Each structure stands twice: as structure tokens, then as C-alpha cells.
Amino acid sequence: MITAGIDMGAKTIKVVVLRDGEIIGRAVTLAGFESREAAEEAYAAAVSEAGITVDEVERVVATGAGRGYAPHSGADVSEVASDARGVHRLFPAARTVIDVGAEEGRAIRCNEQGKVVDFALNEKCAAGAGAFTEAMSRALEVDIKALGAMSLNSKNAIPMNAQCAVFAESEVVSLLHAKTAKEDIARAVHDAIASRIVSLARKVGFKPDVVLIGGLAHNIGFVDSLQRALECEVLVPDDPEYIGAYGAALAAAEV
Amino acid sequence: MALREEAEVKAHYGYKDGAGDFFIIIDTDGCIRCEDRGCVTACPEGVFEIITDDYDDMVAAVVEEHRQRIKYSCAPCKPDRERPDLPCVTACAPGAITHSW
Amino acid sequence: MAEYWRWKEYRWHDEDKDWRDGELITGGVDVGSVSSQAVIVVDGELYAFSSQRTGSDSPESARKALDWALEGTGLTLDDIGFVVGTGYGRVNVPFSNKAITEIACHARGANFMYGPSVRTVLDMGGQDCKVIRCDERGKVSAFVMNDKCAAGTGRGMEVFADLLAIPIEEVGELSLQVEEEPPPVSCTCVVFAKSEATALLREGWPKSKVLAAYCSAMAHRVVTLLEQVGIEKEFAITGGIAKNVGVVSRLEHETGFKALPSKIDTQIAGALGGALFAQNLLKKKLSAA
Chain G
1 MITAGIDMGA KTIKVVVLRD GEIIGRAVTL AGFESREAAE EAYAAAVSEA
51 GITVDEVERV VATGAGRGYA PHSGADVSEV ASDARGVHRL FPAARTVIDV
101 GAEEGRAIRC NEQGKVVDFA LNEKCAAGAG AFTEAMSRAL EVDIKALGAM
151 SLNSKNAIPM NAQCAVFAES EVVSLLHAKT AKEDIARAVH DAIASRIVSL
201 ARKVGFKPDV VLIGGLAHNI GFVDSLQRAL ECEVLVPDDP EYIGAYGAAL
251 AAAEV
Chain V
1 MALREEAEVK AHYGYKDGAG DFFIIIDTDG CIRCEDRGCV TACPEGVFEI
51 ITDDYDDMVA AVVEEHRQRI KYSCAPCKPD RERPDLPCVT ACAPGAITHS
101 W
Chain W
1 MAEYWRWKEY RWHDEDKDWR DGELITGGVD VGSVSSQAVI VVDGELYAFS
51 SQRTGSDSPE SARKALDWAL EGTGLTLDDI GFVVGTGYGR VNVPFSNKAI
101 TEIACHARGA NFMYGPSVRT VLDMGGQDCK VIRCDERGKV SAFVMNDKCA
151 AGTGRGMEVF ADLLAIPIEE VGELSLQVEE EPPPVSCTCV VFAKSEATAL
201 LREGWPKSKV LAAYCSAMAH RVVTLLEQVG IEKEFAITGG IAKNVGVVSR
251 LEHETGFKAL PSKIDTQIAG ALGGALFAQN LLKKKLSAA
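Those protein sequence lines, which keep their order, are chains G, V and W.
Read in order, the letters of the first sequence correspond to residues 1 to 255 in my numbering.
Read in order, the letters of the second sequence correspond to residues 1 to 101 in my numbering.
Read in order, the letters of the third sequence correspond to residues 1 to 289 in my numbering.
Keep in mind the hints are simulated off the structure, nothing from the lab.
Only a predicted model underlies this, so the values are computations on that prediction, with no experimental measurement involved.
We put the CB at the ideal spot given by N, CA and C, even for glycine.
Be aware that a few hints might be false.
Each computed SDA-like pair below joins lysine to any residue, with the alpha-carbon atoms no more than 25 Å apart [unchecked claim]:
no. : chain 1 : residue 1 : chain 2 : residue 2
1   : G       : Lys11     : W       : Ser186
2   : W       : Lys64     : G       : Ser170
3   : G       : Lys115    : V       : Arg83
4   : W       : Lys209    : W       : Thr255
5   : G       : Lys179    : G       : Ala135
6   : W       : Lys209    : W       : Ile166
7   : W       : Lys285    : W       : Asp18
8   : W       : Lys98     : W       : Tyr88
9   : G       : Lys155    : V       : Glu65
10  : G       : Lys124    : V       : Glu65
11  : G       : Lys207    : V       : Asp80
12  : V       : Lys78     : W       : Gln228
13  : G       : Lys155    : G       : Ala181
14  : G       : Lys207    : V       : Pro44
15  : G       : Lys145    : W       : Ser195
16  : G       : Lys124    : W       : Leu226
17  : W       : Lys64     : G       : Ala178
18  : G       : Lys182    : W       : Gly55
19  : W       : Lys139    : V       : Thr98
20  : W       : Lys284    : V       : Asp56
21  : W       : Lys139    : V       : Met58
22  : W       : Lys98     : V       : Asp57
23  : W       : Lys139    : W       : Glu234
24  : W       : Lys98     : W       : Asp57
25  : G       : Lys207    : V       : Ala75
26  : G       : Lys11     : G       : Ala45
27  : W       : Lys285    : W       : Leu24
28  : G       : Lys124    : W       : Trp205
29  : G       : Lys124    : V       : Lys78
30  : G       : Lys115    : V       : Asp80
31  : G       : Lys124    : V       : Gly20
One side of the interface only, derived from the structure: several residues of chain G facing chain V at Cβ under 10 Å [stated by the list, open to error]:
no. : residue
32  : Asp118
33  : Phe119
34  : Ala120
35  : Leu121
36  : Asn122
37  : Cys125
38  : Ala126
39  : Ala127
40  : Gly128
Given these sequences and hints, build the entire structure.
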């Protein structure tokens, strides 16, 4: 059976195509200003990578903040449910899922069957999501892809007081003015957002195995800060940003 | 400093952001009458301290570092399930402490 | 490169007055995250003030603020009997005799600027937003301060001025040039509101409409803060955003309260309150001696 999952994220749209539970195609594109059009593009790309035609996809399920606008889909599932389903398939021992996307951070507790038991969100505030590190990388004039590695070279832990992305940007400028090493600032940035994510995790009572997904999982500096703050190992799958779409595609197969 | 005779200051510490309102409100009228200062030791995160305010009275306040992250500071006492009575509210004899969330 | 967020810095002193005739000369210095003000009061009357952007060093900003206020007056720090430091950087005013919170100083300053009938003071500063309830002597009875989130602050407005490439001093007026009031931007968070605004611009919204939507959201956000401590008339607004007619008019409309007008620059309220407190303290000091 061939199914597809579309994750209409705030910043990027991810599509995953499955044949009998195995990933045969996937694609990601920026949501931009016309998210439905972007989704069509991603869908076509994923289907093409799978070597099939659009008609061969039997069922499509959408998830993500913009799931109401997804093309092709017959149903939608919440992000929390997709995340849990996707992670559970890859990590059956997972009991806590942390998903940090561009605009929202989530902590999800699930049971042995992979069903959601509890969840908490960091929403509507850029400081609790990927938008924070992006804004800080601009303030530091460092490529977002290089920010993580840079922070791992830090020799000093310095505090970051601002709890708002806009104020943190001013704080970074002041720190740079005071000749603080960029590596140390980068580390402080990751520690700051990690501490907010950890509070979220504590709210649902996190339990190992802890799995991190979402775009920010690519940031090795953030992963390091998160592990230190949680005082426990954090597992990160390959292509962490696709797990939501993967979970939605799995849901499509079970309908 | 200025003379003080009547009702004292109701202080709201915390913040409002996209996610909601997170304030601890201290009715410092109660602090003036309080001897134990129970809030300071009752809070497991050390959120409270006693300060001398602008009018030279010793009153409770939320520690500076916690004010901008109060939602996170109080999170351990506010689990989603089986939430117990808040230790600070219970410890405050004059009943001066309230939480907006 | 044009800097749209950059508001005018300024100073003033009373040229009709000779401070040498004065008995009690006091100063107030308010070092905020975004702007710093210094005010000189002579025998209970406003004599001089300055307002400029805070630099990276607080003590230096305090010094510069005072020096600029004193410029051309012949007055020096030695002639000033007592200085109160306030604002976020109040502990870093090296020449101050005492630090007092901006809450108390704003209430006191507003009492002077707007008169003893003022009971609710809304201060929309560079990086914070506060509401202060006070009595007829300018004494605080309740306060709420929000300095965690950029929404409702000057920095939030600066981000928009920059986005739309409109000088910040023109933002308010421009936001009123709409035929019909648009719905407010849905995101409170400045970062997300900025994305939302970018999308609106792409849809063809004129800048005035985008500004109207943002000022409306900002006003609404502030109203909820006001409701937390309650509004009692008379209502007055201090701080930089008091000069933004786009936010003020929408605030007045939503609350049903008119903000009292002020002849004195709204940005100096904190420093002015500090200078007035300094006068009381100087009097006490002299009578005790």
C-alpha cells in the first residue's frame, strides 16, 4: 500500500511517501507565502523520487500548523499524534518526544504503544522555537548551519538574560561590543533555548528514551545543550525534520 | 522617604507574552504584617526574597532573575496532572500571594 | 544606510531662569535599556533635561546624559545637591546619591507632569511596558511591569519602522491614514508579527494599513496589561510611545479613557520623578545637618 504524509510546517513543508511502511520518497520546500503551492511542489517532488505517479498514492494524511491548507489529503492528524507515531516506529523504547520546529516547541510523553499520554507546547513566542536561534545567528553574522559547531568550541559558559528573541538580539550586540567570543555567545544562545525546552519537558515529566526531532535537531550545539540540561541522553534520528510527515504517512496506512 | 500611612503596594511580577499571562501578585500590605517570611523558604526554586522597597518597607518580591522566566521557574510546582497546592501560597500567612495562571 | 528606528535625541534648558538664584538644585538620571534621560530640577521647577540613546556602557551613558542636560547652563555636577539614579541601569549611575526604582519615579514624575488627579500611568518604554496606579501624591498603590516580551515596547515598534522603512517618528501618523481600520495582526510576538506583516505587504497592503494593523495589536496588548491593575481616571501615558498617535488613539478608543495631554516631554517622566525625589531627600539631608 502506498501512502503519503504532508507536514505543513510554519516555515517548511515536508512530504514523505511510504510503500508498505518503507520510505520510498521524500521532499522538503520552504512554505513561503503560498503554502498550498509550495506543498504541491513538495508533493510532486516526493512522488517523483518514489518513482511512482500521483494516482498510485492511495491515501494522504496532512499534519502541521497549516494542515487545513494541504492539497491531496483526505484527512489530517495533529502534530502531536504524528510526532509520537513517527518516533515510536523508529524508536519503540521512546517515552518522550521533543519536537522543536521553526515556530513551535513541543514535549510529548507517550506510552509503550506509542500513544500520546501528555504534551506541552511552547507556542506564539519566538524564544521557545527555532526562530530564536535563527535570529541569533543573524545577530552574530554566522550561517545558521555553522552556529551549532561554533558553540561546541566555547570555553566559557556565560548567561543570557533576555527571554525574548528581540531583546536577546540586543544582548548579543552588546556582548559582541564587549568583545565576547562568538563561540561563547553561540553556546549561551543554545543553553538559553535548551533551558526553555527542558522546562517544557519537565512539565510533562520526561522519561527516557528521549528522542529529539524537528529542524532544530540538526543543530549539534542545541543537542549538546539539551543533553546537558536534561542530564540524560537525547536520541536524534536521521532527517529529524521529516518525522512528523512520516508519522502522518503511517497514520494514512492505518486508517 | 515618603510618608506611609495607608494601603500598600500591590506588585505584579512576571510577564505577558504571546503564550499568555504569567504573573505572581504580591499584596505587600500583607508583607508588612508578616513575621515568618514563609514564602522565601517554601519555594523550591528560590523565587522569593525580602527587599526594602522604595518606601523603606521590608516586603516580599520575586527575585530579579526569575521575573522574566517565571513561567519556567514555577513549572515544577505546576504539573499538568495532580497539581498540589502551591507551597508559596500555603506558606504565606497573610494570604498575600496569588498566581495569575 | 538609513536607520528608520533612530528617533531624535534632544536637550533643553530654561533660558529665562538663572539656577544661581535657586536654593535646591537636584538631578534625576534614568538609564533605560534603550534611552537615557537626565533632568535638573531647581526649587521644584523643571530647569533642564536631555534624552539620548543608551550606549553599550551604562555608567558612561549616565554621565553623557547629565553632561548634555547641563550643556550651556554653566551648571556642573558639584552644584547639584542630590542625584537620584533610576531605570534599568540605576545601579550604574556612579555619581548618584541613591537609586530608586523606575516604578516609583514614573509615578512621581507623572504626578508632576499631569497633576495630582492622575491615578493610572502607562509607561511604554524602550524595552518594557508598565502600568502604575498611584494616589494624589504620586505614591504607588499597584504596579505591573512587563519587560520580558518585546510586544508593546519601543523595540517592537522599531522593528516595524525598520521593516517598513518609515522613520519611527512618522509611524503613528501614517497608521491613521487608513479609510477603514484593518483587523489587528494576529501574532503578539514581534518576530512572528513581522513575518505576518511581510506576507501582508506581499498581498498588496499599503504600509499605512500594515502599520494600522500593528498599532492596533499593540494597543490591544497594552490594554490587557492595563486591565490587570485596573484603569482609574485620570489616565496618563509616559515614555517614548506616548508620542505615537497611532497607538495612543487606538488605546483611548479601546479603553474608553482619554490620556491626559502633557506639555512636558513624555520620555523624561522617570528622570523627572527621580529629580523630585532627590529634592525631598536633599531637604531632609539639609535639615538633619
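Now for the hints, and whether the structure bears them out:
no.	hint	verdict
1	Lys11(G) with Ser186(W)	17 Å, holds
2	Lys64(W) with Ser170(G)	21 Å, holds
3	Lys115(G) with Arg83(V)	23 Å, holds
4	Lys209(W) with Thr255(W)	22 Å, holds
5	Lys179(G) with Ala135(G)	20 Å, holds
6	Lys209(W) with Ile166(W)	13 Å, holds
7	Lys285(W) with Asp18(W)	24 Å, holds
8	Lys98(W) with Tyr88(W)	14 Å, holds
9	Lys155(G) with Glu65(V)	24 Å, holds
10	Lys124(G) with Glu65(V)	22 Å, holds
11	Lys207(G) with Asp80(V)	15 Å, holds
12	Lys78(V) with Gln228(W)	22 Å, holds
13	Lys155(G) with Ala181(G)	9 Å, holds
14	Lys207(G) with Pro44(V)	22 Å, holds
15	Lys145(G) with Ser195(W)	21 Å, holds
16	Lys124(G) with Leu226(W)	21 Å, holds
17	Lys64(W) with Ala178(G)	19 Å, holds
18	Lys182(G) with Gly55(W)	21 Å, holds
19	Lys139(W) with Thr98(V)	23 Å, holds
20	Lys284(W) with Asp56(V)	15 Å, holds
21	Lys139(W) with Met58(V)	17 Å, holds
22	Lys98(W) with Asp57(V)	16 Å, holds
23	Lys139(W) with Glu234(W)	15 Å, holds
24	Lys98(W) with Asp57(W)	19 Å, holds
25	Lys207(G) with Ala75(V)	17 Å, holds
26	Lys11(G) with Ala45(G)	18 Å, holds
27	Lys285(W) with Leu24(W)	11 Å, holds
28	Lys124(G) with Trp205(W)	24 Å, holds
29	Lys124(G) with Lys78(V)	20 Å, holds
30	Lys115(G) with Asp80(V)	17 Å, holds
31	Lys124(G) with Gly20(V)	9 Å, holds
32	Asp118	6 Å, holds
33	Phe119	9 Å, holds
34	Ala120	7 Å, holds
35	Leu121	8 Å, holds
36	Asn122	7 Å, holds
37	Cys125	4 Å, holds
38	Ala126	8 Å, holds
39	Ala127	8 Å, holds
40	Gly128	8 Å, holds
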